[in-house]
Amino acid sequence: MMQYVQETDSKIIFYLSSAQPDPFPATVEYGTRPSALHKYFFSPPKYSSLVREAWETSSKARNQKVGKQARTLLSLIQEVIGSFELSGFDLGSLPPFKAFEAEDESVYLEWIFEHARVGFALDPNPEQSGWFLVSDRTLGNANAAGLLSGLGVERTFLWLFNFVNPKA
Amino acid sequence: MNLFLFELDKETNEWKQSINWEDDEGAVGFTLARKKDDGSFSYKCGVARIPRAEIDKIRNFPQVEGRLTYNRDVLDDNQYHGNLLLDQAVTKPVRGLIASSLALACSCIIYRNQ
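Protein chains in written order, with the working numbering: chain A, 19 to 186; chain B, 112 to 225.
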């Protein structure tokens, strides 16, 4: 499981490389260390609704190769958000992911915020799958898109999340 | 965004999204009253209004670089008809970006009176 830290003022969440030392060394007397929580030890019920609807839509996708890709991504997102919650990070309220199947059998996942939209476009060829982000004037009229194969899914999601997180 | 995903026109090899231009006050009522061959309304969920300036803003995104265009394509039964057109080579993530941008740019959705 990846480890994260949240900057106190900005609420931005940073990824901690396993090569880095633990910034908050703790002496464990009882139970597990806060930084070493494992996804299978606790379920994140508060955020299960985050991906449920999109999960069901992707389960019905005509092309299950793409549907499986979507569910793998949703699992990772739920795991990451769950680990944020377990670490006590300030996340605000997060809207659920929506999923849509396009005419060409690709699946789009979209996360809709008041002033921004973040999404993933999943293609039968995973090399062509990508992400996108757009915001209105309130969040600076940002627009960006890219492939998931470059930076890595988890780091890409973390970057997108920090942009749209209402608490950040 | 799913309402704004373009469909591939196999004849022209372009991604296409059918629209109606709001030339006058009658355009919205005309669009809402459109019916399919079976008599049911074509746009049961209403129509979305998007300012053309917002489309022009999307056209200037660095990822789009003018590959999004629009035209007027008057039909025998629809004087307002036109299309948003997208180059076939535009990648899937950028198509998603455009669809999400159009959804975000929607100034309002107008519903038909029951």
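In case anyone wonders, no lab produced these hints; they're calculated from the structure.
Some hints here could point you the wrong way.
Claimed, not checked - So, partial list: chain B residues that the calculated Cβ filter (under 7 Å) puts toward chain A:
{"id": "1", "residue": "MET112"}
{"id": "2", "residue": "ASN113"}
{"id": "3", "residue": "LEU114"}
{"id": "4", "residue": "ASP120"}
{"id": "5", "residue": "LYS121"}
{"id": "6", "residue": "THR123"}
{"id": "7", "residue": "ALA200"}
{"id": "8", "residue": "VAL205"}
{"id": "9", "residue": "GLY207"}
{"id": "10", "residue": "LEU208"}
{"id": "11", "residue": "SER212"}
{"id": "12", "residue": "CYS217"}
{"id": "13", "residue": "ILE221"}
These numbers were taken from a predicted model, which means no experiment stands behind them.
Glycine residues also receive a C-beta, built at the ideal position from the N, C-alpha and C atoms.
Going down the list of hints, with the structure as the test:
no., hint, verdict
1, MET112, "5 Å, holds"
2, ASN113, "4 Å, holds"
3, LEU114, "9 Å, violated"
4, ASP120, "11 Å, violated"
5, LYS121, "11 Å, violated"
6, THR123, "16 Å, violated"
7, ALA200, "12 Å, violated"
8, VAL205, "5 Å, holds"
9, GLY207, "4 Å, holds"
10, LEU208, "4 Å, holds"
11, SER212, "5 Å, holds"
12, CYS217, "11 Å, violated"
13, ILE221, "20 Å, violated"
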